[in-house]
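Chains as they are written, first to last, in this note's numbering: chain A, 253 to 633; chain B, 253 to 633.
The hints are simulated quantities; they were obtained by calculation from the structure and are not laboratory data. Keep in mind that this is a model prediction, so the values were computed, not measured. Don't be surprised by glycine CBs; every beta carbon is placed ideally from N, CA and C. Mixed in with the good hints there might be a few duds.
Pair by pair, the computed Cβ-Cβ distance ranges are [to be verified]:
hint, chain 1, residue 1, chain 2, residue 2, range
1, A, Asn540, B, Asp403, 40 to 48 Å
2, B, Ser373, A, Asp536, 30 to 38 Å
3, B, Asp558, A, Ser368, 34 to 42 Å
4, A, Lys542, B, Lys624, 41 to 49 Å
5, A, Lys358, B, Ala544, 28 to 36 Å
6, B, Ala598, A, Ala544, 37 to 45 Å
7, B, Val255, A, Lys542, 42 to 50 Å
Residues per chain, in single letters:
Number of protein chains: 2
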Amino acid sequence: MAVFDFEIKAIQGLARNGVLKTPRGDIRTPAFMPVGTAGTVKALYMDQVKDAGADIILGNTYHLMLRPGAERVKRLGGLHAFAKWSGPILTDSGGFQVWSLSQLRKMDADGVTFRSHLDGSEYRLTPARSIEIQADLLGADISMQLDECTDWPCTKDEAARSMQLSLNWGQRSLDAFGEREAQTLFGIVQGSTYPDLRRESAEAVSAQGFGGIAIGGLAVGEGHDAMCRTLDETMPYVPTHFPRYVMGVGKPIDLVEAVARGVDMFDCVLPTRTGRHGQAWTWDGPINLKNAKFAEDLSPVDERVDCAASQDYSRAYLHHLIRSGEYLGSMVLSWHNTVFFQDLMANIRASIAAGTFNDLRSELSARWADTKSKPKVETAT
Amino acid sequence: MAVFDFEIKAIQGLARNGVLKTPRGDIRTPAFMPVGTAGTVKALYMDQVKDAGADIILGNTYHLMLRPGAERVKRLGGLHAFAKWSGPILTDSGGFQVWSLSQLRKMDADGVTFRSHLDGSEYRLTPARSIEIQADLLGADISMQLDECTDWPCTKDEAARSMQLSLNWGQRSLDAFGEREAQTLFGIVQGSTYPDLRRESAEAVSAQGFGGIAIGGLAVGEGHDAMCRTLDETMPYVPTHFPRYVMGVGKPIDLVEAVARGVDMFDCVLPTRTGRHGQAWTWDGPINLKNAKFAEDLSPVDERVDCAASQDYSRAYLHHLIRSGEYLGSMVLSWHNTVFFQDLMANIRASIAAGTFNDLRSELSARWADTKSKPKVETAT
């Protein structure tokens, strides 16, 4: 297995600015990966994704194995050619969507059998099959080990059992991955919101021989504060030479606070999902263009963002487009949000390099404080 | 009322190649106008519409008066600024959509009262109100008189009554339009598929003092052959110095055959509507990318069309995107179709200029013969 060179260029506190070097191009970190679920970043042309400043995108194994099928993607030249993206691609293992989307899933010690949410047909995913799909068929530059997504909240016994299963599947994933010259594999830390389980998982996964370490099981309803607390309790046990990736995160304030805790990589559907439905993320916080107050607002979405989507379309026009269900409204807002997230990461990287990250963090975390996600259920703490 | 200079540069048979000169730019004819229903050509950026070669777009009075409201568009700077289109815009009168979309419409001699298909609220459209919306509030370069869309098929008595009403409304539209320096108004010929009514209407409308003449009441179910026959029976009575516009037409074969009968302008939702649902129009005829035979077809949509949409996306990828309901599939195919229709018009214009239109017509009409629309009902002929 290749271990991509990860050069850390500047550090401020726990925050790092670096470059992860892959055969398909450099990934400037901290990096936000736009999500190309089914071989497309929804409502964007790939040129827009690239021009936004994204160095890497994410593809979803679950979606692609169901449609058009991983073997078909392989026959069509692999995911890079299929989706017209020549830079690096990270694929997830499929585990998260099996947990969140599929029907009638049955877990066992060796993998998971489930039915497609599209047509009910049966599939099986094991650590080895997930690697085959990601690395051999889709051709991902970075593959993820298959893990079990633990429900949140859950008992400590359940979290421990699930964490051990993921650890076992991580080893099987490594064994299946084998020797590869130009592709790498990341392991995933689990353990829910239990500090000692997180530490145990982080230490064990970090010792297994992966090319990078992901923190899984976050952004599943625990809320912003518990996410930060879990990162505080986990990151010290992930050696600093690894690229460190928090999966499925998040809102701008989550990105800022996770970077402050030493995270290097992120992915989330938020920019495109919220954009499709009328929400724009700006330096002043999120705004919902559906709101009647924008009906005659001729100002742009956010003129501080250097992009036609952000500067050239009036809020009034976008309000009309979104209310009318017009494609262009979703297209422009998904585009703007994608650029905004990349601009945020570029600002974060520059501030770490300049030694001003703490100032940026203080300012943004205060400004965006009311966007913190709350826990989906109350728990005893 | 301004009468835009219409320079006819070349003639072959009845087909003409010319330029309609408007204060916002020249319109090369024969011209196909992309339809920007609600202030957006669906699923396209305006730059793509412009780069496709479109000189003018169409806006729908009915849609815009309901949402966002014509007065609101005026307050926001008019339709050109609102929709980010700086070239000429033609608006329809609203009559066609009142007839095809609205609820509970009540016609009287002075206009039509109807309920919005969006929320049931009541509106009234008269010749004067339609002109106010189009010319004063939206700011159209070319407005259309309000007319009554006659059902097809209909009795001759009904067609005659309806045609006379439209003639009367045409005069009221002219009176309401009054003197304008930079805007013009087109009249509309009706008469269903009755030759003598069409002649009567064409002669009367042509004498009323409009800046251009449209042929209405086609593409309403009569089918390709009846459309051609009606044009044969109508066009001789529309003086050749007018720009002549067939509303709501059509498929590529309709465009070719109507140009051969002396038509200069067209509009139709076909390129974007069919594109959204997976149909691509090519020089070899239409193909439906949803079809399973394209699932592993790595060829582009039509490499003879000089556009990234036509050349850079494999049919296999588009098949996947359309089947998956992904925005990008609709975006790329609407874009390709828009460029294809503009390319077709450019080829038609060049062939008339070169004296080779008859050859082009023979070739394309033969090649596309099986795409001719059939009548929606059988009628005695």
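- Task: State, for the Cβ atoms of B/Val255 and A/Lys542, whether the hinted interval 42 to 50 Å holds or is violated.
- Result: holds (43 Å)
- Task: Note whether the CB distance of A/Lys358 and B/Ala544 lies within 28 to 36 Å or breaks it.
- Result: With a Cβ separation near 31 Å, A/Lys358 and B/Ala544 satisfy 28 to 36 Å, so the hint holds.
- Item | Consistency of beta-carbon spacing, B/Lys624 to A/Lys542, with hint 41 to 49 Å | holds (43 Å)
- Item | Status of the given 34 to 42 Å range, CB of A/Ser368 versus CB of B/Asp558 | Once the Cβ atoms are compared, 40 Å apart, the range 34 to 42 Å for A/Ser368 and B/Asp558 holds.
- Could you tell me whether the CB distance from A/Asn540 to B/Asp403 stays inside 40 to 48 Å? Given about 43 Å between the Cβ atoms, the range holds.
- Does the Cβ pair B/Ser373, A/Asp536 satisfy 30 to 38 Å? holds (35 Å)
- B/Ala598 and A/Ala544, beta-carbon distance inside 37 to 45 Å? Since the Cβ atoms of B/Ala598 and A/Ala544 sit about 44 Å apart, the hinted range of 37 to 45 Å holds.
Comparing the model with each earlier hint shows no violations; every hint is respected.
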